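Protein chains in written order, with this note's numbering: chain A, 2 to 219; chain B, 3 to 229.
There is no bait here: all hints are sound.
A partial selection of chain B residues facing chain A, derived with a Cβ cut-off under 10 Å: (1) G152; (2) Y163; (3) G168; (4) R229.
These are calculated hints, taken from the structure and not from any lab test. Note that the structure is predicted; figures quoted are calculated from it, not measured. Think of the CB as a built atom: it goes at the ideal place given N, C-alpha and C, for glycine as much as any other residue.
Here is how the chains run, residue by residue.
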Amino acid sequence: MEVEIRNRPSFANLLVNMQAGERIIAEADAMASMSSTIEMSTRWNGGVFSAIARRYLGSESMFVNEFTTASAGHIVLTQPFPGDMACVELQGNTIFLQPGAFIACETGIHLGLGWAGWKSYIAGEGLFRLKLSGRGRVWFGAYGAIFTREIQNEYIVDTGHLVAYEPTIGISIGLAGGIFSSFFGGEGLVTRVRGPGKIYMQSRSFDGLAAWTNSYLY
Amino acid sequence: MKYQMLCRPAATAIRFHLDQGEGITCEVGAMIAMSSGLTVNTTSKSRGGAGGIIKGIKRMFSGESFFLNHFTAQQANQSLLIGPAMMGDCVHHTLSGGTMIVQGTSWLASTGNIEIDTTWQGFTSALFSGESMFWVKCSGLGELFLSSYGAIYPIQVQGEYTVDTGHIVAFEDTLQFRIGKAGKSLIGSFLGGEGLVCKFQGQGTLYCQSHNPPSFGQLLGPKLKPR
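Please take these sequences and the hints and turn them into a complete structure.
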């Protein structure tokens, strides 16, 4: 299965070329177009209970779509907001994704839901996070461009900008600076991530867009 | 006439180089900048075409403007820069006597002898395709420039092809589509978030957009303050 991330970074979308018997799992409503030789089937996102938990606690879809073909064909997968996409290959390890970031994965990946904690909630990232583990490739998207960074000790990310991270990363909430600069400097609360591990950040925040749009609505 | 696509796909603009006597018809408001040797003529008629007020009113139903802007070079070596209002991509398609069915608001500009009209693709298309009720019909000889939110990719359909609702930009009239379900079962298709899709049949070029505004709106809408 060949997967190309096209039109980066502003309108990234996945072109998935499939051969007979290959399978890909995609987030609900991710399909933009596909060959008529591709068959789509819908199934629970994990088990019934974890699917319900993911829908109501993790803001993910209750169902995922599995695409397969008996001959050959292609699918175009997309995300609702403009931005970049990235691919991670898991070899038995785990990665955490923020709600809404997941786009697609190979069938060797297990989709689970993990408790992220109140700290994560306060940081604007959600109480739960999507936990992907197993073997295979995972594709996820972001609003804006994606930056990666290997963290050794401590690193500070503004709230709403963290997209994905490895399980070795610890998260806590802190002030950006002193009380004054934190609240008048526009940064407010920030996320303190502690390594070692890799993090993925997005160059724009969706809540930032909402706040900006709201300031123009009367 | 020469053209150049700039800054694809997010902030696409098209730069035209025109020689004396050459002209382009553009959507109202598409002009970004132009040389001083170009004249603008605003009418509701296509260039050299028939129709007038009725054509203009019909065009408004498809989401386009009542008026069209005709740019004509009065001197040699003139340039015109145009772009769509929204961020997104533009594509170019050469019409040689055929017809292109374009989603409302995606027609940006055309050259030569292309008639811009409105068409109705039937009730199921109007209600379920995720596009406007009426479509823009471009037919004749010349170059056609289309724009859309998201990146635009062409598909050469041979036989059958499936497009999610809200992702169609334009298609040749040698293609027909019907509304169908995305998966094998109807319930599964809806639960899987894909619901209804457009199934194209025939031979011809189809243009799809990678992103669609309603999905973006559904995410952003709940975060906006009530008005």
